[in-house]
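A.B. asks: The chain contents come next:
2 protein chains.
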Amino acid sequence: MSDKLQKYVKLAVNVGVNIQPGQKLLIRCPVDCAYFARLAMEEAYKAGAECVEILWNDEKSMRINYLFAPDTNFGHEYDWVKERVKYFVDEGFNMMAVYATDPEILKGVDPERIQKEQKVGAKIGKPLSDKVSASAVQWTLISVPTESWAEKVFPNAKTTEEAMNLMWDAIYAASRVDDTTDPVENWKQHIATMQKKVDVLMKHNFKYLHFKNAAGTDLQIELPEGHQWVACGEKAGTGYNFIANIPTEEVFTTPHRTGTNGVVYATKPLVHMGDVIDGFWLKFKDGKVTEYGAEKNQHLLEKLLTTHPNADFLGEVALVPHSSPISASGILWYNTLYDENASCHLALGKAYPYTVKGGLEANSDEEKHALGINTSLTHEDFMMGSADMSIIGETYDGKKVAVFEQGEWAV
Amino acid sequence: MSDKLQKYVKLAVNVGVNIQPGQKLLIRCPVDCAYFARLAMEEAYKAGAECVEILWNDEKSMRINYLFAPDTNFGHEYDWVKERVKYFVDEGFNMMAVYATDPEILKGVDPERIQKEQKVGAKIGKPLSDKVSASAVQWTLISVPTESWAEKVFPNAKTTEEAMNLMWDAIYAASRVDDTTDPVENWKQHIATMQKKVDVLMKHNFKYLHFKNAAGTDLQIELPEGHQWVACGEKAGTGYNFIANIPTEEVFTTPHRTGTNGVVYATKPLVHMGDVIDGFWLKFKDGKVTEYGAEKNQHLLEKLLTTHPNADFLGEVALVPHSSPISASGILWYNTLYDENASCHLALGKAYPYTVKGGLEANSDEEKHALGINTSLTHEDFMMGSADMSIIGETYDGKKVAVFEQGEWAV
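Chains as they are written, first to last, in the numbering used here: chain A, 3 to 413; chain B, 3 to 413.
Excised from the complex, chain A in its bound form (with noise of 0.2 Å):
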């Protein structure tokens, strides 16, 4: 194992999820990632995780089942699969999932297929990923290459290995994970410098956010009363910070489920079932998308709106500079965990309800409707960053702020 590995299976299990004595962890992994697993199961146990399971995952016989198997094999809620939630749930693990993802994994896979899935999935899953979500528990996100994903990004290297090896060097950087640094410490320094954005965010408490840029964009966000800006370094319901993606360069919070006027448009492509939304922008009126375009496949944007109820809502605002690493590397990476930290970005569908005080004891999708908290089974990120971008904040008694100029901070 090399030094940067093991520093990055660390910084996985010490600082993303941050494992405690006593406590227990559950690892989503694909199989083809399953090294990665294995080392970062004994972490936890040198740690001093009481339990470690691991929950194999496949996209690649998923997409032969998508593609051969008949049309009654989908859609289907089973007993099993809800008593696995259910344990996982009430044995409060906290949770590393690895998120290493061909994009084109679902190309030319029969978009009912996998609406029918997701459905299904989303819904019996909806016991932990709102534990998830309300940060109950300790979560970490964290990305391993693979094979096809790296040549997808590194279509140039001559080989396989040469471009795993470049994904590796990407992801390290990313990361903050070098020879001759400790990434807990990079990581501390990271937590405060991100910290000082939440508190001047926190201090100007804006009722509006404004949004303008060459590309077209005109939007106006209302945020709610209460509003909670959140950065890296988060503390979960057991009492122990966490951060939720490695890395992370975004500062965000919820609009107003009802809040948000004009028109925004894309910067960068969106892969959604496998294939890439481009060229697409949004109308809203009070909240709610009311018109919308795309120059590359707007029938699954129009499905990305229309499958889940309130996916035509927003529910999330994240500020990343345009000098972010990630955004500097210039990579299209065709993954959101890293894509979103390379660019000012917006989510439709579901809001992280410990974005609003009092969300996390809104109970019912009315209660929290009413603090401005939007829910939905889907959450999905797209970016509308650019070099240009301008953000004026508007306090309650009207007083104008520059948040961001020519896409950087400005407070």
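A hint or two may mislead.
Since the list gives no way to pick out one identical chain from another, each pair is judged satisfied if it fits inside one copy or across any two copies.
The list that follows gives simulated cross-link-like pairs (lysine-lysine, DSS-like), each with its CA atoms no further than 25 Å apart [stated by the list, open to error]:
id, residue 1, residue 2
1, 6, 298
2, 88, 125
3, 285, 270
4, 118, 48
5, 48, 287
6, 62, 12
7, 237, 305
8, 209, 6
9, 84, 128
10, 88, 305
11, 109, 48
12, 62, 26
13, 128, 88
14, 84, 125
15, 121, 26
16, 84, 26
17, 48, 62
Hints were generated in silico from the structure; no laboratory data involved.
Use these hints to put chain B onto chain A, whose structure you have.
C.D. replies: Just chain B now, with coordinates in the frame of chain A:
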């Protein structure tokens, strides 16, 4: 994919488990052999399967768990695992198990932990293993090389790749897969040859078999009334044929539970709990082991005999000529699926109920015992064949017939 691999996959799906249109298939597979599970899944769908599920396992993380988890983490019966077993049982899944074990994976692990886990695993998995034991569904067991296994079997190979290639060649040869012939045809012929041996043994309807060789074995085994000799090519409760083991060279039935007397000397080491029991012998009185000894790891032999009730009675007697291709390969495979097909053998523990007339209708342990069928949570083969093995059959009217002479079929 090589031509031979394609043939091997087809052999597993279309001959081994012999999947039919509308049937369901469960593939149990190590994560390190994921490519094989995917190929088998696609092949099964092409054969008309309605649903194919893959249940991943990983002995490397299991080992980490054994070595590093606290004591509290072992021996739990989880409801969700029971529910999963129930699902596969209730839905009538046919089964393919990919058997690819590093023979040293459990080396140095606390045997108490292994016992706890195996006990609970056998208990929870019983509804499924009962279906398999009774051939209620079609099932097959087939091996795929892993690096650690190949390196153990071919320690003189210069590279891991060379060991893997040697391993594949040996597996293809033993499984009657080659470049020029059709393995499906080869197996038809093999099944016919084996069936002839079954027919002769059934015609004689022996009351006793008497095993004798220079190694010291002098064992009389009583066969139950209505015992059935079985070779490859069984018929499942589904009405379809299947091959339980690929490869297979054995013709087997069960000894009467209380009818074995004398002494047997093992002729090959037995890998148990990651270690090797070697140079061992067992003395039987009325079916039960009354004395035993081993040159190496006698304490493991003791554990094997005492962990599960009735593990000290026999559940299988299998005849394999000393010239079988697997025996002729001269390889010590460290894998029961292969090594058991190189030698006459016995099994401690559970008998297959279909090896006695009426056995499948006997529900309770008591009913099975009354028919001479042993019941237990374990079934452990050990080898006792040799180049000089003599087997004399004795019929109900006292006629003696040579079944094996000098290690080879005499009937």
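A.B. asks: Take the hints in turn and mark each one as holding or not.
C.D. replies: Hint check:
Taking CA atoms no more than 25 Å apart as the test, residue 6 paired with residue 298 passes in neither setting, with 40 Å inside one copy and 43 Å between copies. In this assembly of identical chains, the alpha carbons of residue 88 and residue 125 lie at most 25 Å apart whether taken from the same copy (13 Å) or from different copies (22 Å). Taking identical chains as interchangeable, the C-alpha atoms of residue 285 and residue 270 lie at most 25 Å apart only when both belong to the same chain, with a minimum of 17 Å there against 76 Å between chains. In the homo-oligomer, the alpha carbons of residue 118 and residue 48 lie at most 25 Å apart only across protomers (22 Å), although the nearest pairing inside one protomer, at 41 Å, exceeds that limit.
For the homomeric pair residue 48 and residue 287, neither the shortest alpha-carbon distance inside one copy (52 Å) nor that between copies (50 Å) is at most 25 Å. With identical chains, the CA atoms of residue 62 and residue 12 are at most 25 Å apart between copies only, with a shortest distance of 19 Å across copies and 28 Å within one. When the C-alpha separation of residue 237 and residue 305 is checked against a cutoff of 25 Å, the pair qualifies neither within a copy, at 35 Å, nor between copies, at 48 Å. In the homo-oligomer, the alpha carbons of residue 209 and residue 6 never lie at most 25 Å apart, since the shortest distance is 44 Å inside one protomer and 68 Å across protomers.
For a Cα distance limit of 25 Å, the shortest separation of residue 84 from residue 128 qualifies both inside one copy, at 10 Å, and across copies, at 22 Å. Taking CA atoms no more than 25 Å apart as the test, residue 88 paired with residue 305 passes in neither setting, with 30 Å inside one copy and 36 Å between copies. Within a single copy, residue 109 and residue 48 get their C-alpha atoms only as close as 41 Å, which misses the 25 Å cut-off; across copies the closest is 20 Å, which meets it. With identical chains, the CA atoms of residue 62 and residue 26 are at most 25 Å apart between copies only, with a shortest distance of 19 Å across copies and 29 Å within one.
Proximity of residue 128 and residue 88 under a CA criterion of 25 Å is satisfied in both settings, with 10 Å inside one chain copy and 23 Å between copies. In this homomeric assembly, residue 84 and residue 125 come within 25 Å of each other (Cα to Cα) both inside a single copy, at 10 Å, and across copies, at 22 Å. For the homomeric pair residue 121 and residue 26, the shortest alpha-carbon distance between copies (23 Å) is at most 25 Å, but the shortest distance inside one copy (28 Å) is not. In this assembly of identical chains, the alpha carbons of residue 84 and residue 26 lie at most 25 Å apart whether taken from the same copy (19 Å) or from different copies (21 Å).
Taking the shortest Cα distances, residue 48 and residue 62 sit within 25 Å of each other only across copies (17 Å), while inside one copy they are farther apart (32 Å).
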